[in-house]
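Asker: First to last, the sequence lines map onto chains A and B. The first sequence begins at 0 in numbering that gives the first Met the number 0 and counts up by one. The second sequence begins at 0 in numbering that gives the first Met the number 0 and counts up by one.
Calculated from the structure, these hints are not laboratory results. A few of these clues could be false.
[As the list claims (entries may be wrong)] Pulled a few chain B residues facing chain A out of the computed Cβ check, cut under 8 Å:
{"id": "1", "residue": "ARG83"}
{"id": "2", "residue": "THR96"}
{"id": "3", "residue": "GLN119"}
{"id": "4", "residue": "PRO126"}
{"id": "5", "residue": "LEU177"}
{"id": "6", "residue": "HIS187"}
[To be verified] Derived lysine-lysine pairs resembling DSBU-like cross-links, with alpha carbons at most 35 Å apart:
{"id": "7", "chain 1": "B", "residue 1": "LYS120", "chain 2": "A", "residue 2": "LYS24"}
{"id": "8", "chain 1": "B", "residue 1": "LYS5", "chain 2": "A", "residue 2": "LYS33"}
{"id": "9", "chain 1": "B", "residue 1": "LYS127", "chain 2": "A", "residue 2": "LYS25"}
{"id": "10", "chain 1": "B", "residue 1": "LYS162", "chain 2": "A", "residue 2": "LYS33"}
{"id": "11", "chain 1": "B", "residue 1": "LYS14", "chain 2": "A", "residue 2": "LYS25"}
[Stated by the list, open to error] Derived, one-sided and incomplete: chain B residues facing chain A with beta-carbon distance under 10 Å:
{"id": "12", "residue": "PHE52"}
{"id": "13", "residue": "THR69"}
{"id": "14", "residue": "ILE91"}
{"id": "15", "residue": "ILE104"}
{"id": "16", "residue": "ARG131"}
{"id": "17", "residue": "ALA169"}
{"id": "18", "residue": "SER194"}
{"id": "19", "residue": "PRO205"}
{"id": "20", "residue": "LEU206"}
{"id": "21", "residue": "ILE210"}
Nothing here was measured: the structure is a model prediction, and the numbers come from that model. Cβ coordinates follow ideal geometry from the N, Cα and C atoms, glycine included.
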Amino acid sequence: MLWTTLILAGLVTFFTRFSMIALLKKDYFSPRVKLVLSYVPSAVFPAIIFPAVFLNSTGQLVFLDNPKVLAAFIAILVGYITESVIATILSGLAVLWLLIFFI
Amino acid sequence: MFVKIKSKIFFLGCKDVIPLLIPVVPFGIIFGVVGIESGLGATITFLMSIIIFAGSSQLAFTQLFTSGATAPVIVSSVAIVNSRHFLYSAVIAQYLTKLKLFWKIILSYFLTDQAFIVSQKYFKQQPKNNLRHYHLLGSGFTLWFIWQLSTITGIVVGEVIPKELNLAFAVPLTFISLIIVDMKKLDHLIVAITSGIFAVIFFNLPLRTYIIVAAAAGILLAYGLTHTKLYRK
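Make a model of the complete structure from these sequences and hints.
Answerer: Laid out in structure tokens, this is it:
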């Protein structure tokens with residue numbers, strides 16, 4: 000089951016990369032399609048981010064008494080200022096550890 | 000003579016992609032650690048980096064798998080996350096039309112965000128160079144090699160790191176870091192918040208389909224926004 004899923008996911012990924020290289024002879028996408036595709040990360044990643052930050056292990060919304068909310072907030076702030084991938088991740092983890100282990 | 004030019008272009012591709020590898024290394028390590036922490040096991044975690052070879056999709060796969068999503072949901076989520084590759088593929092296609100199918104398959108496998116960015120730039124500068132595809136081979140292979148090394152490092156680290164550190168939290172943090180620069184644009188911010196709210200509201204839909212519902216809402220909204228004043232060039 001896991002293996003099948005993994006191989007299918009691999010094939011799908013390869014197909015998205017291979018599709019147009021196999022089919023097209025020139026740059027074919029309209030500017031609008033390109034523009035909409037440029038929004039894909041902003042449209043998809045929050046669907047992973049929000050539940051992982053705001054929901055507890057049973058799927059309940061927890062705003063207060065949730066160290067992940069503050070940790071994510073600080074990470075966003077640091078990321079916004081530094082635009083650094085590593086600084087964003089490390090600051091979020093540091094705040095989470097600080098809240099869990101010391102406060 | 001030809002061999003010399005080929006290897007020169009290949010190594011130029013390797014060299015050009017190096018600055019973009021800095022965030023790839025921690026990303027790969029995080030994936031390795033999270034793969035182990037979520038119980039995928041070392042073999043699956045390692046092979047996923049070879050079979051899928053796309054960081055965001057691999058993290059999404061792992062996250063959904065641990066939350067109990069079924070195969071169709073995981074595979075379609077991976078497809079949505081990867082849909083940006085259609086764009087890369089369409090842009091790169093014009094430079095590879097004369098190549099044999101074998102080459103197209105190999106280069107497609109290596110077509111990652113970073114390799115696309117540097118090799119597309121090189122292709123534009125070399126309209127008449129028949130050997131330019133060696134650049135993409137170089138950039139793609141370098142990225143591939145570093146990705147595998149980072150994954151292995153993460154797997155090793157993941158085996159010894161205590162679970163209390165909550166390293167799975169690095170998944171949302173990584174995704175935040177990947178979109179944070181886009182969040183400075185109002186239209187992207189609106190799309191992101193909408194998608195996030197949809198994900199929380201529909202989180203309890205069966206089979207973890209919330210990710211597809213939220214992504215669809217975000218993309219539809221983005222499509223709508225391209226018709227408005229918020230659309231910027």
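Asker: Tell me the hint numbers this structure goes against, listed in increasing order.
Answerer: 3, 4, 10, 16, 19, 20
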